[in-house]
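Asker: Assemble the whole structure, with the sequences as input and the hints as a guide.
As given, the protein sequences belong to chains A and B, one line each in that order.
Going by this note's numbering, the first sequence opens with residue 1, and the numbers climb by one from there.
Going by this note's numbering, the second sequence opens with residue 494, and the numbers climb by one from there.
Worth double-checking, as some hints may not be accurate.
Quick list of the computed label-pair ranges, beta carbon to beta carbon [unchecked claim]: (1) His-25(A) with Ser-547(B): 44 to 50 Å; (2) Leu-598(B) with Asp-201(A): 42 to 48 Å; (3) Thr-594(B) with Ser-96(A): 32 to 38 Å; (4) Ile-513(B) with Thr-435(A): 37 to 43 Å; (5) Thr-497(B) with Ile-292(A): 45 to 51 Å.
Below, simulated DSBU-like cross-link-like pairs (lysine-lysine); rule was C-alpha separation at most 30 Å, straight line [said to hold, decoys possible]: (6) Lys-159(A) with Lys-101(A); (7) Lys-159(A) with Lys-647(B); (8) Lys-101(A) with Lys-579(B); (9) Lys-459(A) with Lys-105(A); (10) Lys-579(B) with Lys-105(A); (11) Lys-459(A) with Lys-101(A); (12) Lys-159(A) with Lys-298(A); (13) Lys-298(A) with Lys-105(A); (14) Lys-579(B) with Lys-298(A); (15) Lys-159(A) with Lys-105(A); (16) Lys-613(B) with Lys-159(A); (17) Lys-647(B) with Lys-579(B).
Since the hints were derived computationally from the structure, they do not count as laboratory data.
Since we're looking at a predicted model, the values are computed, not measured.
In this text, a Cβ means the ideal position worked out from N, Cα and C, and glycines have one as well.
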Amino acid sequence: MILISFVLVSVVSLVLIAITRNHRHMNTVCIMQALIFAALAVYLALTQHVPVFSFLVGSQYFFIDHFGLFEVLIATVIFTCAATYARGYVEGLLESGELEKGSLKLFYAAWTLLLLLIVFAFFSDNFALFWIFAELTTVISAMLIAILAARENIDAAFKYIFIASISMLFAFVGFIFLFEISRVSLGTGTLNWTVLMQYADRFPTGMLIASFVLVFIGFAAKSGIFPFHTWLPEAHAKAPSAVSAILSGVLLNVGIYGIIRMYAIVHQTIAFTTLAPMITVFGLLTVGISAISMLPQKNLKKLVAFSSVENMGIMLVGLAISTPVALFWVLFQIVAHSLTKASMFFSAGILHRQYRNRFSSDAPDDIRDIFRLQPFAAWIIILSGLAIIGMPPFPLFFSEFFIMLQLGAASLWVLGIMLLLLFIASVGLGYFVLTTFTQMSEPDTGSDIEPYLTPASMKVPIIFLIGLLLIIGIFLPSHGMEYLNQIVMELKF
Amino acid sequence: MIDTAIVIGIIRILFVCIIITAAYIISTRNLLSVVSVYALQSLTLVAIAISLFSLEGSIVLLEIALVTFFSKVIIIPYFIATIQEKIRIKRDIEFHYLNPTSSLLLSMVLMLVIYMALSKIVPETPAHNSLFLFGAVLGISLMLMGMMVTFSRKRAITKVLGFLSMENGVLLFGMFVTELPFIIEFLIIIDLIILVILTAVLSVGIDSTLEDYHKRLHQFHLLKDSEEI
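Answerer: Okay, here's the thing in structure tokens:
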């Protein structure tokens with residue numbers, strides 16, 4: 001029943017969006033949809049015994065386990081915030097003519113559909129189903145990037161679609177391998193995750209390694225892992241900021257989620273001893289490339305996007321350590337990163353409204369007099385910047401600290417490289433803030449810039465997210481920790 | 494029932510057809526014929542699926558043949574051809590990194606490498622006879638050749654065709670390596686159709702020659718423009 005209620009809510013939302021012509025109404029529908037989804041997810045997490053068994057759920061196609069529900073919870077929170085934020089932000093886009101009125105319906109319809117597809121992806125028990133939902137999220141989110149209909153947006157969307165979809169085809173070949181592996185070892189071929197987990201220890205390692213590598217290529221592209229990260233900075237920088245937050249906070253998780261699920265299967269066999277070094281190398285390269293790209297970066301949204309790439313690298317390295325503790329903190333990093341990154345993109349969006357370059361969203365930001373014009377956004381960027389480089393009391397501090405601790409136990413050399421790279425990334429962010437936020441305009445010319453009046457709907461989600469981060473970071477809620485433990489147990493680490 | 498030796502012979506000939514179509518897609522500069530060659534390639538796949546059906550008798554193969562025929566021989570090529578008329582460019586002469594000759598040479602090398610790699614892995618599975626190995630090798634090669642097309646062409650519409658040809662490779666690989674349930678094959682085709690529609694609509698914006706003038710100033714609207722041009 002629960003899956004059907006998700007679908008019903010979305011269908012009703014789509015119909016309402018189709019009927020109305022008013023932007024505010026469409027936006028309200030989206031907020032309501034995300035809220036109802038969040039309520040459903042919270043209801044599942046609090047009252048139901050997870051894994052849930054009900055109609056369709058627990059069949060061979062869908063399931064709701066702790067990990068999937070965890071990702072859905074993050075997704076719905078980010079979507080609720082982003083939809084609220086979009087209320088003011090999209091209004092601004094409409095006024096400046098960046099978004100045409102005719103595209104509004106398409107925008108919100110795609111938005112609604114995207115949330116539904118993401119929820120279904122996280123609830124699929126079958127790799128093939130998960131694959132198709134992940135693919136569809138790529139297509140729909142590319143639509144949201146291209147919606148601004150500037151040439152460079154279409155370019156970015158194209159790059160995203162091609163890189164992600166081509167790599168996902170490799171993942172599909174990986175799943176064909178996996179199917180064949182299960183057919184040989186179990187008699188009947190299956191891509192059902194629960195069944196695969198159950199019998200994973202019987203699988204031949206050679207084929208399993210081949211299968212994992214192919215699947216890894218696919219989901220690495222989806223989550224922006226080097227060398228498939230090239231689409232990410234452009235897509236994130238050019239998308240409307242509300243969409244960037246979703247891309248970074250939710251869609252990257254889809255990729256990492258796929259990798260973790262697949263790795264959990266590999267982890268049952270000795271194949272993981274071969275694969276863990278490979279993942280570590282990719283993780284290190286990802287962190288390295290993003291850290292070095294962050295240093296000379298002059299465009300705030302691109303900088304934030306590269307920082308997402310960096311965080312994905314950290315998660316990958318954490319996963320490669322393959323201890324239960326490391327996995328626990330990787331999961332913690334996922335939630336902390338999503339919330340922090342969403343608030344960063346939201347405030348970058350406010351600055352973008354103020355200092356927007358009319359010709360290209362690629363150009364360096366010409367940020368001046370920021371504390372006079374946009375003090376709120378400036379402080380949030382500084383705060384969330386501190387959060388993203390892992391300063392206490394923000395939650396990323398704990399996850400990065402413990403992942404590094406685990407890494408040190410595995411290899412001191414890798415830890416040394418990693419710390420150096422993290423330091424470079426933090427310097428890149430700090431340098432950007434120091435140089436651009438202190439720029440003042442000449443006394444006689446700059447005074448005619450009107451401050452952009454940030455609507456309350458754009459401020460509330462940011463404050464909410466920062467508050468949530470502080471609560472998580474300071475109190476480390478024990479229920480949440482217990483919940484993460486359950487996920488680690490379910491993944492049999 | 495037809496004699497198995499003849500069927501195997503037919504499949505071998507069809508393999509050659511696949512290689513020829515893939516080589517043509519990689520090397521041609523004529524945009525209009527790429528679409529028809531793609532349709533031909535898909536038709537060859539249908540023929541292979543039907544021949545395999547007469548060999549193995551699994552009903553899934555027949556279903557795959559049917560769906561492939563309608564989606565990839567009729568609907569998608571027709572759709573892309575209409576889009577091409579709207580864009581009004583007939584030749585694709587811009588290449589990144591690779592020109593046609595070197596990509597042809599490269600794909601030959603790739604095929605060899607894949608053959609060597611797969612002949613090591615595949616004996617672990619029951620599908621070890623040479624026909625199945627060859628089908629799998631060809632599938633992966635077709636995938637990589639399609640990938641080369643997407644990377645080496647500048648026009649979005651040719652990139653889409655490269656992607657489609659990649660997907661044909663996946664289908665071929667799937668047919669020969671294992672018996673995938675029909676539903677999985679069907680999912681991938683749904684994905685394909687949605688992707689083609691979206692990229693085609695977007696490529697109207699990006700490929701139209703009119704656009705070259707107003708790179709940034711002209712902000713166009715997706716749906717409206719596709720109707721106008």
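Asker: With a cut-off of 30 Å on the C-alpha distance, tell me whether Lys-159(A) and Lys-298(A) pass.
Answerer: holds (22 Å)
Asker: Verify the proposed pairing of Lys-298(A) with Lys-105(A), using a straight-line Cα cut of 30 Å.
Answerer: violated (34 Å)
Asker: For Lys-101(A) and Lys-579(B), compute the direct alpha-carbon distance and say whether it is at most 30 Å.
Answerer: holds (25 Å)
Asker: Would the hint linking Lys-613(B) and Lys-159(A) be met if the CA-CA limit is 30 Å?
Answerer: Violated: Lys-613(B) and Lys-159(A) sit about 35 Å apart, past 30 Å.
Asker: Note whether the CB distance of Leu-598(B) and Asp-201(A) lies within 42 to 48 Å or breaks it.
Answerer: Taking Cβ atoms as reference, Leu-598(B) and Asp-201(A) lie about 44 Å apart, which means the hint holds.
Asker: Starting from the hint 37 to 43 Å, judge whether the C-beta atoms of Ile-513(B) and Thr-435(A) obey it.
Answerer: violated (58 Å)
Asker: Are the Cα positions of Lys-647(B) and Lys-579(B) separated by 30 Å at most?
Answerer: holds (18 Å)
Asker: Mind checking the hinted window 45 to 51 Å against the Cβ distance between Thr-497(B) and Ile-292(A)?
Answerer: Because 59 Å falls outside the window, the suggested range is violated.
Asker: Need the status of pair Lys-459(A), Lys-105(A): alpha-carbon distance at most 30 Å?
Answerer: Holds - the C-alpha atoms of Lys-105(A) and Lys-459(A) are around 24 Å apart, at most 30 Å.
Asker: Are the Cα atoms of Lys-159(A) and Lys-105(A) separated by 30 Å or less?
Answerer: holds (24 Å)
Asker: Could you grab the alpha-carbon distance between Lys-579(B) and Lys-298(A) and see if it respects the 30 Å cut-off?
Answerer: violated (39 Å)
Asker: Starting from Lys-459(A), check that the Cα of Lys-101(A) is at most 30 Å away, please.
Answerer: holds (24 Å)
In this structure, the hints that do not hold are numbers 1, 3, 4, 5, 13, 14 and 16, in rising order.
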